[in-house]
Amino acid sequence: MSSTLSSAQEKALSFLPLVPTMLSLVGSSSIIYMVFRIEKENALSEVAAGNVGL
Amino acid sequence: MSVYEIMFSLNYVFQPFLLPKATSKRVYAIGTDASCNALGFWSQFSLSALLYNGLLSHYFLLTIRFGWKEDAFAKWIEPLMHMFAIGFPMVTAIAGSVLGVYHEVGLGMACWVDNYPKGCDLPGSSVKCKSSMVAWVFGGSILIFVVVSLSINNLIIYFHVRSTMAKSQRRSWTRVVERSGELASSAVNHAPAVDSKVKRVRAVATQAFLYVAAFVLSYVWTGVLRNLESAGYTREDEATLFPLLVLQALFEPIQGWFNLLVYVRPRYMQARTKFGAETRWWCFRKALFENHVHPESSSRTRPGSSKVSRDEKLRTSADEHNNDDRQARDVGSIDGRD
Chain A
-18 MSSTLSSAQE KALSFLPLVP TMLSLVGSSS IIYMVFRIEK ENALSEVAAG
32 NVGL
Chain B
21 MSVYEIMFSL NYVFQPFLLP KATSKRVYAI GTDASCNALG FWSQFSLSAL
71 LYNGLLSHYF LLTIRFGWKE DAFAKWIEPL MHMFAIGFPM VTAIAGSVLG
121 VYHEVGLGMA CWVDNYPKGC DLPGSSVKCK SSMVAWVFGG SILIFVVVSL
171 SINNLIIYFH VRSTMAKSQR RSWTRVVERS GELASSAVNH APAVDSKVKR
221 VRAVATQAFL YVAAFVLSYV WTGVLRNLES AGYTREDEAT LFPLLVLQAL
271 FEPIQGWFNL LVYVRPRYMQ ARTKFGAETR WWCFRKALFE NHVHPESSSR
321 TRPGSSKVSR DEKLRTSADE HNNDDRQARD VGSIDGRD
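These protein sequence lines are chains A and B, in that order. Residue numbering for the first sequence follows my numbering, starting at -18 and increasing by one per position. Residue numbering for the second sequence follows my numbering, starting at 21 and increasing by one per position.
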């Protein structure tokens, strides 16, 4: 027996991913921010320790 | 990996709206064949995120099981991994777009490999569809690689962690027996070095397993749907599969968030231990922003703290900064590379 989605179901499926997408954008950009911050801090501590010349 | 997660999530949220209006029966379809082609391209290119999940398990395997150093890994393996993770989806995405293999899929709201060559799925068409074969080359190969990598690598890691812990326990007991004539506490005093190694291996392995859990939870629903599609389920069966479609819509675009939770977890746990008086939210912010977040509860609980001299505050802040730097480096070797 065939049963396609109702209009309300389709609308729900269209907008449902918005919230997880926003969370994912926050999560992914936070990871990128953290990775760059940690890299920067490590580089600065290397310089401070005299391992790398400026 | 996070960059591709962003691409993947954004692509997912636009899918219901960019389906070709002329041929699609979806309520919000306002796109054209060109927008469907673009969606297909981005979907294929975003599979890099999937590929990175599999490659991350190889990173954990090399560092945990084979004891590779971060520097050696970054020098020899990481560039190859990036080339593979970005190169394969990019080449296939471009090839698919040029060949025109992207059309609206039969189950769910998306454009990817389907109905190729165009019109092959029409009733009475004499052209044989090649979509299935192309889909296996484009997506199936990536999926198989990722699933096999995750399963085998994590099994190896699991058994390695188990044997490391068993060896450590045996060593502790041997020492206790060997030194039975001495004070029992002297045997215990030798344990921390071994304990610390075991703790580190266990901590890294936990991170590896959590990344896998985040991946599985995000993609399992899509995997089931794509399998059902290849088993003959179509748009006509979508009402029956509605709960599965809801789970897919909720979990597929959210992996970036799960990855953040896994990524900050070691720092969060460290903050919880170090700043027990602070709230969970404060510890989460501390894990994210490190030195930009300062203790709050001490100023609330100790009203006299405002009288502490500026020099003393600076000294305390510098000490805390140095401690945090050291601890961040320790944690950095546990949390994985994104």
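It is worth saying that the hints were derived from the structure and are not from the lab. Incorrect hints may appear among the rest.
Simulated restraints on C-beta separations [as the list claims (entries may be wrong)]:
{"#": "1", "chain 1": "B", "residue 1": "PHE229", "chain 2": "A", "residue 2": "ALA(-11)", "range": "35 to 45 Å"}
{"#": "2", "chain 1": "A", "residue 1": "LYS21", "chain 2": "B", "residue 2": "MET103", "range": "32 to 42 Å"}
{"#": "3", "chain 1": "B", "residue 1": "GLY243", "chain 2": "A", "residue 2": "SER(-12)", "range": "22 to 32 Å"}
{"#": "4", "chain 1": "A", "residue 1": "SER(-13)", "chain 2": "B", "residue 2": "ILE176", "range": "40 to 50 Å"}
{"#": "5", "chain 1": "B", "residue 1": "ASP91", "chain 2": "A", "residue 2": "SER(-13)", "range": "16 to 26 Å"}
{"#": "6", "chain 1": "A", "residue 1": "VAL16", "chain 2": "B", "residue 2": "MET110", "range": "16 to 26 Å"}
{"#": "7", "chain 1": "A", "residue 1": "ALA(-11)", "chain 2": "B", "residue 2": "ILE106", "range": "35 to 45 Å"}
{"#": "8", "chain 1": "A", "residue 1": "ALA29", "chain 2": "B", "residue 2": "HIS312", "range": "31 to 41 Å"}
{"#": "9", "chain 1": "B", "residue 1": "SER145", "chain 2": "A", "residue 2": "VAL0", "range": "34 to 44 Å"}
{"#": "10", "chain 1": "B", "residue 1": "PHE309", "chain 2": "A", "residue 2": "SER(-12)", "range": "17 to 27 Å"}
{"#": "11", "chain 1": "A", "residue 1": "TYR14", "chain 2": "B", "residue 2": "ASN247", "range": "28 to 38 Å"}
{"#": "12", "chain 1": "A", "residue 1": "LYS21", "chain 2": "B", "residue 2": "LYS150", "range": "29 to 39 Å"}
{"#": "13", "chain 1": "A", "residue 1": "VAL16", "chain 2": "B", "residue 2": "GLY160", "range": "29 to 39 Å"}
{"#": "14", "chain 1": "A", "residue 1": "MET3", "chain 2": "B", "residue 2": "GLY243", "range": "20 to 30 Å"}
The calculated lysine-lysine pairs, modelled on DSBU-like cross-linking and capped at a C-alpha distance of 30 Å, are [as the list claims (entries may be wrong)]:
{"#": "15", "chain 1": "A", "residue 1": "LYS21", "chain 2": "B", "residue 2": "LYS219"}
{"#": "16", "chain 1": "B", "residue 1": "LYS150", "chain 2": "A", "residue 2": "LYS21"}
{"#": "17", "chain 1": "B", "residue 1": "LYS294", "chain 2": "B", "residue 2": "LYS95"}
{"#": "18", "chain 1": "B", "residue 1": "LYS148", "chain 2": "B", "residue 2": "LYS45"}
{"#": "19", "chain 1": "B", "residue 1": "LYS150", "chain 2": "B", "residue 2": "LYS217"}
{"#": "20", "chain 1": "A", "residue 1": "LYS(-8)", "chain 2": "B", "residue 2": "LYS45"}
{"#": "21", "chain 1": "B", "residue 1": "LYS148", "chain 2": "A", "residue 2": "LYS(-8)"}
{"#": "22", "chain 1": "A", "residue 1": "LYS21", "chain 2": "B", "residue 2": "LYS89"}
{"#": "23", "chain 1": "B", "residue 1": "LYS217", "chain 2": "B", "residue 2": "LYS45"}
Every residue, glycine too, gets a C-beta built ideally from N, C-alpha and C.
Against the structure, the hints:
PHE229/B and ALA(-11)/A have their C-beta atoms about 39 Å apart, which keeps the hinted 35 to 45 Å range intact. At roughly 25 Å, the beta carbons of LYS21/A and MET103/B sit outside the given window of 32 to 42 Å. About 28 Å separates the C-beta atoms of GLY243/B and SER(-12)/A, a value consistent with the hinted range of 22 to 32 Å. Distance hint for SER(-13)/A and ILE176/B: a CB-CB separation of about 48 Å, consistent with the stated range 40 to 50 Å.
Distance hint check for ASP91/B and SER(-13)/A: the Cβ-Cβ separation is about 57 Å, which falls outside the suggested range of 16 to 26 Å. Our hint of 16 to 26 Å for VAL16/A and MET110/B holds, since their Cβ atoms are close to 22 Å apart. Restraint check, ALA(-11)/A to ILE106/B: a C-beta distance of roughly 40 Å satisfies the suggested window 35 to 45 Å. The hint said 31 to 41 Å for the Cβ distance between ALA29/A and HIS312/B, and at roughly 19 Å that hint is violated.
At roughly 41 Å, the beta carbons of SER145/B and VAL0/A sit within the given window of 34 to 44 Å. For the hinted restraint 17 to 27 Å between PHE309/B and SER(-12)/A, the CB-CB distance of approximately 44 Å leaves it violated. For TYR14/A paired with ASN247/B, a C-beta distance near 37 Å keeps the hint of 28 to 38 Å intact. At roughly 49 Å, the beta-carbon separation of LYS21/A and LYS150/B lies outside the given 29 to 39 Å, and the hint is violated.
In this structure the hint that VAL16/A and GLY160/B lie 29 to 39 Å apart at CB holds, the actual value being about 31 Å. Our hint of 20 to 30 Å for MET3/A and GLY243/B holds, since their Cβ atoms are close to 24 Å apart. About 28 Å separates the Cα atoms of LYS21/A and LYS219/B, which keeps this hinted pair within 30 Å; it holds. Straight-line distance between C-alpha atoms of LYS150/B and LYS21/A comes to about 49 Å, which puts the hinted pair past the 30 Å bound.
Between the alpha carbons of LYS294/B and LYS95/B the distance comes to roughly 34 Å, so the proposed pair goes past 30 Å and is violated. A distance of roughly 24 Å separates the Cα atoms of LYS148/B and LYS45/B; the hinted pair therefore holds under the 30 Å criterion. For the hint linking LYS150/B to LYS217/B, the alpha-carbon distance of about 53 Å lies beyond 30 Å, and the restraint is violated. Between the alpha carbons of LYS(-8)/A and LYS45/B the distance comes to roughly 13 Å, so the proposed pair stays at or under 30 Å and holds.
Using a Cα cut-off of 30 Å, the hinted pair LYS148/B and LYS(-8)/A is violated, with the two alpha carbons roughly 34 Å apart. Pair hint LYS21/A plus LYS89/B holds up; C-alpha atoms about 20 Å apart against a cutoff of 30 Å. Proximity of LYS217/B to LYS45/B is assessed by CA-CA distance (about 59 Å); at most 30 Å being required, the pair is judged violated.
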